[in-house]
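*Asks:* Read off the chains here:
2 protein chains.
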Amino acid sequence: MTAPVFGGLEAGGTKVVCAVGTGPDDIRAETVIPTAAPGDTLGAAVAFFEDYFRDRGPIAAIGIAAFGPLDLDPASPTWGFVTTTPKPGWGRADLAGPVRRALGVPVAVDTDVNGAAVAEHRWGAGRGADPFVYLTVGTGIGGGALVHGRPLHGLVHPEMGHLRVPHDLPVDPFPGACPYHGDCLEGLASGEAIARRWGAPAEALPAGHPAWELEARYLALGLVAVIAVLSPRRIAVGGGVMRTTHLLPRVRREVVSLLAGYVDAPAFRDGIDEYVVAPALGERAGVLGALALAAGAVPGDGSAQTAR
Amino acid sequence: MTAPVFGGLEAGGTKVVCAVGTGPDDIRAETVIPTAAPGDTLGAAVAFFEDYFRDRGPIAAIGIAAFGPLDLDPASPTWGFVTTTPKPGWGRADLAGPVRRALGVPVAVDTDVNGAAVAEHRWGAGRGADPFVYLTVGTGIGGGALVHGRPLHGLVHPEMGHLRVPHDLPVDPFPGACPYHGDCLEGLASGEAIARRWGAPAEALPAGHPAWELEARYLALGLVAVIAVLSPRRIAVGGGVMRTTHLLPRVRREVVSLLAGYVDAPAFRDGIDEYVVAPALGERAGVLGALALAAGAVPGDGSAQTAR
Chain U
1 MTAPVFGGLE AGGTKVVCAV GTGPDDIRAE TVIPTAAPGD TLGAAVAFFE
51 DYFRDRGPIA AIGIAAFGPL DLDPASPTWG FVTTTPKPGW GRADLAGPVR
101 RALGVPVAVD TDVNGAAVAE HRWGAGRGAD PFVYLTVGTG IGGGALVHGR
151 PLHGLVHPEM GHLRVPHDLP VDPFPGACPY HGDCLEGLAS GEAIARRWGA
201 PAEALPAGHP AWELEARYLA LGLVAVIAVL SPRRIAVGGG VMRTTHLLPR
251 VRREVVSLLA GYVDAPAFRD GIDEYVVAPA LGERAGVLGA LALAAGAVPG
301 DGSAQTAR
Chain V
1 MTAPVFGGLE AGGTKVVCAV GTGPDDIRAE TVIPTAAPGD TLGAAVAFFE
51 DYFRDRGPIA AIGIAAFGPL DLDPASPTWG FVTTTPKPGW GRADLAGPVR
101 RALGVPVAVD TDVNGAAVAE HRWGAGRGAD PFVYLTVGTG IGGGALVHGR
151 PLHGLVHPEM GHLRVPHDLP VDPFPGACPY HGDCLEGLAS GEAIARRWGA
201 PAEALPAGHP AWELEARYLA LGLVAVIAVL SPRRIAVGGG VMRTTHLLPR
251 VRREVVSLLA GYVDAPAFRD GIDEYVVAPA LGERAGVLGA LALAAGAVPG
301 DGSAQTAR
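Sequences listed follow chains U and V, in order.
For reference, each letter of the first sequence is one residue, going 1 to 308 in the numbering used here.
For reference, each letter of the second sequence is one residue, going 1 to 308 in the numbering used here.
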């Protein structure tokens, strides 16, 4: 028996990446579509998968990893829809329906961060770790988690970015960049927060800049909350801000310092380099996340939500 | 086919409660044993279950819900042991082994808070809610969670009490009561913290005392972290401090205020009274938690870790 072939659709704000394959080392077709109106964009994606199906063979399932917020409640009549988004035309757009109707295969939908968590768990930095958390620190801060083999969903998708952390006001009078909460984690530590606090983007700030000590501390406070609530076996931290390579080691030191020996596990001492890690799939995490969600949509795997 | 009968063993610091039954409305035998040395105490518990087995019929499985910290790693040779505890004689005590060897039935072990989470999910305030979180605010603060039908374990048991929340220093100069972190959530909001900050125990402070506004705020900050990371479908908050009945409504108001409309779900507006709730099983949550863990130890249910 040959391995089933899956389709992955990564829906991002500026582009949609579609791929067909079985995993990171076996991508058999790929295309990039600029994100325009939902009908045109999804139509072009469907055409790509239909072409593959007609010319090269069956696709077992399609996974969609999308910007959100999304309706991921399996009991909802609008499961697989975007809910509200400032992106013109995409509010209440049905992502899953057009793909499923056109291709007639199971369709899985999840957030881009949950997709990345599943992909990193399957093929990358999260292998063997359950629970596993993937956190991205870019313009905003978002997280995804895999628990008991499946992406975590709850009342809403847990986004992780909007938790409250102690704000070091004497050192950092910046009020925070979050329009809802001001100085939540995202408001204090996102790329947007860095740019507004210092008047320069993260990539322009040298290693000795005081921005980085503050950034490492805030991110570590967020990680400590994740550790306290979910106790993941590993956490991958990616996103644009983390491209500053000296940041991750600083975050690790702050995490160890904040835990203060309370949790007596080797991972929180000498093993911290293997506990708080960089993602392994890089820019590919999005479309590979979509592929991994598709793999989970095939009966028996059960690692993702699928259309009924 | 009649419903299987389970045994539950709640191991607390001062007493061990053992029960046999199928659920809260069908407890067929019960006993309370003062917590002494582990050998004597577990021996008395085993004798209780053996008597039931001999005189009244089979017990399908035994669940143990215990004070911790516990080794809950199924791959560990000391699974089901207490790890370190200040309680004399109980450090590295094997809880599961003596019970399993004497009775020859599957044995499930988990923390008391995870047991309570499973019991409240099965029979009480958490029915139909997954993920579900049970938080207890007493001398300390501890939490348990049920995700995808099973108690949550990770690298360590997620305890929830030691996350960092913003400390309102101008209003609250109290440095915090946690010996590890000072002003973590437990350090600021546990019963111990209240007693040390105000020089009087929680139950002695009247409703108009400034303690309560501060307490509601800190607990709400903890709940917001739990919501951000785990997105439970419901949270039950119990423990001695919550017996002050005006506290829960205050906590709810603070949670809504802190979320600030960012998460647009009815539960976080008009539905908050059904989202942050009091436990339903009261003092029975401990031994019922042990029973619920036993129910999960029977093959096919899969809702608890069992001895291999």
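Certain hints may be false.
Because identical chains share one entry, a pair is satisfied inside a single copy or across any pair of copies.
To be verified - Within a straight-line C-alpha distance of at most 20 Å, the following computed SDA-like cross-link-like pairs (lysine to any residue) qualify: (1) LYS87 to ALA29; (2) LYS15 to ARG253; (3) LYS15 to HIS209; (4) LYS87 to VAL263; (5) LYS87 to GLY282; (6) LYS87 to ALA36; (7) LYS87 to TYR262; (8) LYS15 to PRO210; (9) LYS15 to LEU214; (10) LYS87 to ALA37; (11) LYS87 to VAL256.
To be clear, the hints were calculated from the coordinates, so they are not data collected in a lab.
Every value quoted in this text rests on a predicted model; they were computed, and no experiment measured them.
*Asks:* Mind listing which of the numbered hints don't hold for this structure, in increasing order?
*Replies:* 1, 2, 3, 5, 8, 9 and 11
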